[in-house]
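Residue numbers (my numbering), protein chains in the order written: chain A, 5 to 264; chain B, 75 to 302.
In case anyone wonders, no lab produced these hints; they're calculated from the structure. Computed from a predicted model, the values in this text were never measured in an experiment. Among these hints, one or two may not hold up.
Said to hold, decoys possible - Computed beta-carbon distance windows for the label pairs:
(1) Gln257/A / Phe122/B: 40 to 50 Å
(2) Gly196/A / Val135/B: 57 to 67 Å
(3) Asp154/A / Phe151/B: 32 to 42 Å
(4) Glu204/A / Ile132/B: 20 to 30 Å
(5) Lys119/B / Asn84/A: 22 to 32 Å
To be verified - Listed next, the in silico EDC-like pairs over lysine to aspartate or glutamate satisfying Cα-Cα at most 16 Å (straight line):
(6) Lys216/B / Glu245/A
(7) Lys211/B / Glu245/A
(8) Lys218/B / Asp240/B
(9) Lys228/A / Asp253/A
(10) Lys210/B / Glu245/A
To be verified - Where chain B lies over chain A, by a calculated footprint (3+ residues, C-beta under 8 Å):
(11) 93-99
(12) 111-119
(13) 237-251
For each residue, glycine too, the CB sits at the ideal point set by N, CA and C.
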Amino acid sequence: MSILDVSHISKSFGNTEVLKDICFSLEESEVLSIIGSSGSGKTTLLRCLNFLETPDSGTITVKSNKIFDAEDLDYLTDANKRKNRLHFGLVFQSFNLFPQYTALENVTLAKELAAKREDNFKENKKAILESIKQEGLDLLAQMGLSDRKDNYPHQLSGGQCQRVAIARALALKPDILCFDEPTSALDPELTGEVLKVIKELAETKMTMIIVTHEMSFAKEVSDKVIFMDDGYVLESGTPDEVFNHPKEDRTIQFLSSFNK
Amino acid sequence: MDTFVEQFPVVINALNIGFLQTLKLFFVTLIGALPLGLIISFGSKSKFVPLKLLVRFIIWVVRGTPLMIQLLIIYYFPGLVFHNNVWGSNETGRFIATAIAFIINYSCYFSEIFRGGINGIPVGQDEAGLVLGMTKKEIFFKVKLLQMIKRILPPISNEILTLVKDTSLARIIALQEVIWAGQAFMKGSQGISGEIWPLFFTAIYYLIFNGILTVILGKLEQKLEYFK
Ligand SMILES: Nc1ncnc2c1ncn2[C@@H]1O[C@H](COP(=O)(O)OP(=O)(O)OP(=O)(O)O)[C@@H](O)[C@H]1O
Ligand SMILES: [Mg+2]
């Protein structure tokens with residue numbers, strides 16, 4: 005049983021069709037890398053999974069629950085959207101940390117707000133907040149940032165910011181964690197620390213979808229690779245199939261541009 | 075009462091009373107114009123185009139004409155045109171007319187500052203909140219509001235310091251604020267006449283009050299310097 009089934013997703017902005025009949029599925033604990041040239045629709049696909057964009061057609065199914073169906077948009081109230089998007093986490097290229105909160109507060113804020121929405125919050129306030137804080141500290145420790153918990157984003161390096169952002173996404177325990185070019189905004193010497201954290205997550209059997217231009221990283225960490233071109237999934241398979249034995253001319257062309 | 079030493083306490087007493095009226099106008103304007111400005115800024119961003127255009131037109135007119143003319147129109151227009159001076163001719167009526175003119179004028183200036191402050195926050199902040207399952211209300215209050223306040227505090231401070239001085243415009247409809255109180259000693263009041271120094275002395279009041287505000291607003295800005 006797949007953890008994620010994406011079926012016939014398409015999306016247009018005005019007259020330009022950016023995603024065209026996207027289909028793929030993902031098993032639990034798998035790591036999927038999405039590669040492809042600029043403008044091929046990778047970011048848009050992640051944004052659709054996270055309900056930041058609404059696809060024009062298709063369905064998205066997580067753990068056998070259809071969480072999106074373009075035929076049934078009435079169901080997509082704000083509250084349902086909020087509930088369903090929590091199956092996914094999203095790590096942005098530009099981190100998007102909250103500048104007025106410390107590293108730890110960035111990690112715990114959403115969890116605290118969610119807890120406050122629950123009925124039983126008032127009675128157990130102290131215990132709940134304490135456990136959220138402890139989880140936040142554990143996540144920062146996992147990211148190697150224990151000593152940075154009280155720093156504000158502007159006091160952190162890009163690599164540290166991105167690791168805080170990963171901890172923030174993990175705090176809500178998503179089924180599938182998505183990364184949109186997590187190292188593209190970083191200086192080359194800082195990409196290593198972020199890729200290392202993602203590799204460690206893969207070892208803990210986290211299900212992940214990673215949009216990346218780091219080909220050797222994608223080869224190493226993924227179970228599955230998708231090559232996107234002009235809104236289509238042009239080729240997909242194991243890293244060996246896609247990187248070493250690509251079938252499509254466009255894939256060969258794209259990959260060769262990285263080996264110069 | 076010919077000597078300065080005799081005149082001084084009398085003048086100070088009158089100026090204090092006048093300055094109280096100045097302060098009242100200042101605070102009433104702020105309390106009215108800050109929230110109204112926020113509402114107008116939402117109107118000027120409205121997706122309903124006729125409302126947006128109307129609001130932007132009003133803002134353009136209000137910001138493009140002198141506050142003094144707006145004050146004169148609001149105070150005299152009902153009486154001259156409808157032969158019904160809704161404000162009455164006592165001090166309370168004059169104060170209400172002045173306050174309304176000031177609130178309308180300043181809320182239009184504030185609304186433009188708010189609009190810039192809201193627009194200036196990167197969409198990534200909204201999106202980060204959304205993917206973390208926050209409600210729109212939580213995103214506004216917990217994520218964006220403080221960033222917005224930090225952005226708008228310097229231009230808002232400028233407007234507030236300008237407002238202190240603008241209150242003197244109320245003199246034109248004889249509101250008994252501090253300038254009016256100082257000028258009274260030229261024409262003659264409480265046994266003092268032909269004296270111009272009380273009018274000049276009112277400047278000290280503005281200076282001191284603006285000094286205090288500058289310090290307070292500066293402290294506030296400093297408080298928000300802990301993040302970028
Ligand atoms: N909100 C939008 N409105 C209009 N067009 C958009 C919008 N978002 C994306 N597009 C267009 O959709 C296409 C795909 O964009 P997308 O960002 O998904 O590409 P990408 O594969 O992530 O590219 P990159 O590698 O540069 O990040 C581009 O042509 C882009 O200009
Ligand atoms: Mg992209």
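Checklist line | Given coverage of the segment 93-99 of chain A by chain B, checked by CB-CB distance under 8 Å (3 or more) | finding: holds (count 4)
Checklist line | Given coverage of the segment 111-119 of chain A by chain B, checked by CB-CB distance under 8 Å (3 or more) | finding: n = 4 at 8 Å, threshold three: holds.
Notebook entry, point to check: Between Lys228/A and Asp253/A, does the CA-CA distance stay at or below 16 Å?
Noted result: Violated. Lys228/A to Asp253/A sits at ~20 Å, over the 16 Å cutoff.
Margin query: Range first: 40 to 50 Å. Now tell me if the beta carbons of Gln257/A and Phe122/B are that far apart.
Written below: 49 Å, holds
Check: Is the hinted range of 32 to 42 Å satisfied by the C-beta distance from Asp154/A to Phe151/B?
Finding: 59 Å, violated
Margin query: Check whether the Cα positions of Lys210/B and Glu245/A lie no farther apart than 16 Å.
Written below: 44 Å, violated
Next item on the list: Sort out whether Glu245/A lies within 16 Å of Lys211/B, counting only the CA atoms.
Entry: 47 Å, violated
Next item on the list: Mind checking the alpha carbons of Lys216/B and Glu245/A for me, to see if they're no more than 16 Å apart?
Entry: Roughly 47 Å separates the two Cα atoms, so the pair is violated.
Item checked: Per-stretch coverage check for the segment 237-251 of chain A, three Cβ contacts closer than 8 Å to chain B -> violated (count 0)
Item checked: Distance restraint between Lys218/B and Asp240/B, which requires alpha-carbon spacing of 16 Å or less -> 31 Å, violated
Check: Holds or violated: 22 to 32 Å for the Cβ distance of Lys119/B and Asn84/A?
Finding: 27 Å, holds
Next item on the list: With 57 to 67 Å as the target window, see if Gly196/A and Val135/B comply at their CB atoms.
Entry: 59 Å, holds
Going down the numbered hints, you'll see the structure goes against 3, 4, 6, 7, 8, 9, 10 and 13, while the others check out.
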